[in-house]
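Here is what each chain is made of, one letter per residue.
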Amino acid sequence: MHSPLDRRAFLAGAALLTVLPLASARATPEAMAAAIKEVVGAATVREGKVKLDLPPLVENGNTVPLTVSVESPMTPADHVKAIHVFNEKNPQPHVFSARLGPQNGKAVITTRIKLADSQKIIALAETSTGQFFSASADVIVTLAACIEDAT
Amino acid sequence: MKIAQVALGLASVFAATFALAQGAADKRRSGYQDMGEALQKMQDDDTANPGMLFVQLGEQLWSKPAGAANKACADCHASGSMKSVAARYPAIPKDADKPVDLEGRINLCRTANQQAEPLAPESRELLSLEAYVAFQSRGQPIAPPSDPRLGPFREQGGEVYRRRQGQLNLSCATCHDDNAGKKLAGVTIPEAHPTGYPIYRLEWQALGSLRRRLRNCLVGIRAEAYPYDASEYVALEIYLMDRAKGMPLDAPGVRP
Amino acid sequence: MTNVLINAPKTARPGEIVEIKALILHPMETGFRPGTNGKIIPRNIIEHFVATWNGAEIFRMEMSPAIAANPFVSFFAVATESGTIGLRWTGDEGFLVEEQVAIAVG
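Going line by line, the protein sequences match chains G, S and B.
Residue numbering for the first sequence follows the working numbering, beginning at 1 and increasing consecutively.
Residue numbering for the second sequence follows the working numbering, beginning at 1001 and increasing consecutively.
Residue numbering for the third sequence follows the working numbering, beginning at 2001 and increasing consecutively.
Read the hints as simulated data drawn from the structure, not as lab findings.
Where hints are given, some of them may not hold.
Taking lysine-lysine and the PhoX-like style, the derived pairs with C-alpha atoms no more than 25 Å apart in a straight line are [to be verified]:
1. Lys51(G) <-> Lys37(G)
2. Lys51(G) <-> Lys1094(S)
3. Lys106(G) <-> Lys2021(B)
4. Lys120(G) <-> Lys1094(S)
5. Lys1071(S) <-> Lys1083(S)
6. Lys1071(S) <-> Lys1094(S)
7. Lys106(G) <-> Lys1083(S)
8. Lys51(G) <-> Lys2010(B)
9. Lys2010(B) <-> Lys49(G)
10. Lys2039(B) <-> Lys106(G)
11. Lys1041(S) <-> Lys2039(B)
Label-pair distances were calculated between CB atoms; the ranges are [said to hold, decoys possible]:
12. Asn2054(B) <-> Ala144(G): 55 to 61 Å
13. Thr2090(B) <-> Lys1064(S): 25 to 31 Å
14. Val1187(S) <-> Gly2038(B): 24 to 30 Å
15. Ala144(G) <-> Pro1093(S): 52 to 58 Å
16. Ile1092(S) <-> Gly2106(B): 54 to 60 Å
17. Ala137(G) <-> Pro1148(S): 52 to 58 Å
18. Pro2042(B) <-> Ala1074(S): 52 to 58 Å
19. Ala1074(S) <-> Pro29(G): 53 to 59 Å
Short derived list, chain G residues pointing at chain B, Cβ under 8 Å [unchecked claim]:
20. Asn87
21. Gln103
22. Asn104
23. Gln119
24. Lys120
Keep in mind that this is a model prediction, so the values were computed, not measured.
By construction, the Cβ of each residue, glycine as well, lies at the ideal position given by its N, Cα and C atoms.
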């Protein structure tokens, strides 16, 4: 069962996802840092435990495979409870937020993302003991996410 | 609710059969070979290749009766009977004198046998049926039919391939014969062998046909794309498939 | 017409960690892209993806416009008991797709 406090904290990280974006808005490293702060609050974020797999060179930014894996025993006492991924150059700083628990066995998620430009991606893991770990990856995008219409 | 488990009879998750089928002496490179590892993995994994969504849809449409005749494709064509069909298209149908590509053939069946409306170009239904048929030739070497009537159309295709067009005055051959393997705006220029069609092109975020890709090329060289039903497209495809003969099909391909 | 490709094992041993993969057809229109008339195409994305095992939530992902079209997700779950793995996608324009796959654990 999720306590109201738990749910609120998780949704705080996901809240910005539902805000209607302005067409001219653009994420910046500052916006990404602000989005991370929304989730982390005053806690320190440590390096380690999180592995972010992204191809270093991407032919097309429309569909970039991404895997986040976090080292964790995934027991009721010590598990990853959320994974958040952020970007610094897309129009908005969020990529996704996922909620996990001991029932997952492994804190590994794979998905495919859009990248508007060559940029840094940050994956943040939140553990049940209240700690935050992160990893970052720099990706070079040769062709930015842009769709060619059927002509 | 329909159970949507993968039930396409796929034996293995990573089906890289096409990589093995090309002989070592063949120096030709397919678009697959020019892609980065991450995209090759995306294509190889049938549980993650977005083109497989369309193959699954095509499989469902195959058994759906359509038209005034209320017939499904499956009523005449048993499942698995489409093996190696895609490898020998375009072809000239019986009692006809002009070649059709796979989409044209599907629509011929729709109108003549099912008495249904033809499916619109680049429509989800047409692409899904095409994907389903092409998928059944995966791993098969491209084998254009030896019909002598195809000769003049193949020549027309070759002429279009070598014709300089558009504001940039480029021909297909300028890039794909003379400069294949070199870089254009950071991307490797492929040799343009249509082994993976219909492809899930990341640029489109959708599945599309060779015709769509050819139109993109024409727009890319700042030429006016021929009308959708122009004979040039099928002629070009006949030429390109002949140029690629023997190379294994890898539909549905993923391409950047 | 929605279309989903789900890959999960049909059987598992109790306690085995299994991988569940799901691919769904959806344009994931970001809301930042101008159309051919110059006007911004309205946002149309999947926002929530929830997985359950016999009704209990095992995984949840909130997606943003940065998730690629035709979203693919892979995650893991510990096989506990036989039953049904449920997957649910909801999003803009009332988008709602629910699918189920059976799994035998023993």
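Against the structure, the hints:
At roughly 20 Å between alpha-carbon atoms, Lys51(G) and Lys37(G) fall within 25 Å of each other, so this suggested pair holds. As the CA atoms of Lys51(G) and Lys1094(S) are separated by approximately 58 Å, the hinted pair breaks the 25 Å bound. Among the hinted pairs, Lys106(G) with Lys2021(B) is consistent with the structure: their alpha-carbon atoms are about 14 Å apart, no more than 25 Å. For the proposed pair Lys120(G) and Lys1094(S), the alpha carbon gap of about 58 Å is over 25 Å, so the pair is violated.
Taking the CA atoms of Lys1071(S) and Lys1083(S), the gap is near 21 Å; set against the 25 Å cutoff, the hint holds. The straight-line distance between the Cα atoms of Lys1071(S) and Lys1094(S) is roughly 21 Å, inside the 25 Å bound, and the hint therefore holds. With a C-alpha separation of about 40 Å, the suggested pair Lys106(G) and Lys1083(S) falls outside the 25 Å cut-off, and the hint is violated. For the given pair, Lys51(G) sits about 29 Å from Lys2010(B) by alpha-carbon distance, which is inconsistent with the 25 Å threshold.
For the suggested pair Lys2010(B) and Lys49(G), the alpha carbons sit about 32 Å apart, so the restraint of at most 25 Å is broken. Pair hint Lys2039(B) plus Lys106(G) does not hold up; C-alpha atoms about 44 Å apart against a cutoff of 25 Å. Taken as a hint, the Lys1041(S) and Lys2039(B) pair is broken in the structure, with Cα atoms around 36 Å apart against an allowance of 25 Å. Taking 55 to 61 Å as the suggested C-beta distance range, the pair Asn2054(B) and Ala144(G) does not conform, at roughly 43 Å.
Taken as a hint, the range 25 to 31 Å holds for the pair Thr2090(B) and Lys1064(S), whose Cβ atoms sit roughly 28 Å apart. Between Val1187(S) and Gly2038(B) the beta carbon distance is about 28 Å. The supplied range of 24 to 30 Å therefore holds. Between Ala144(G) and Pro1093(S) the CB atoms are about 43 Å apart, so this pair departs from the stated range of 52 to 58 Å. Between Ile1092(S) and Gly2106(B) the beta carbons are some 57 Å apart, a value that agrees with the proposed interval 54 to 60 Å.
Our hint of 52 to 58 Å for Ala137(G) and Pro1148(S) holds, since their Cβ atoms are close to 57 Å apart. At roughly 39 Å, the beta carbons of Pro2042(B) and Ala1074(S) sit outside the given window of 52 to 58 Å. In this structure the supplied range 53 to 59 Å holds for Ala1074(S) paired with Pro29(G), their Cβ-Cβ distance being about 56 Å. Proximity of Asn87(G) to chain B holds as hinted, the smallest CB-CB distance being about 6 Å (cut-off 8 Å).
With a cut of 8 Å, the hint placing Gln103(G) at the interface with chain B holds, because the nearest CB-to-CB distance is about 5 Å. The interface hint given for Asn104(G) holds, since its Cβ lies 5 Å from the closest Cβ of chain B, which is under the 8 Å cut-off. A cut of 8 Å between beta carbons decides the hint on Gln119(G): the least distance to chain B is about 11 Å, and the hint is violated. The interface hint given for Lys120(G) is broken, as the beta carbon of that residue sits about 14 Å from the closest beta carbon of chain B, more than 8 Å.
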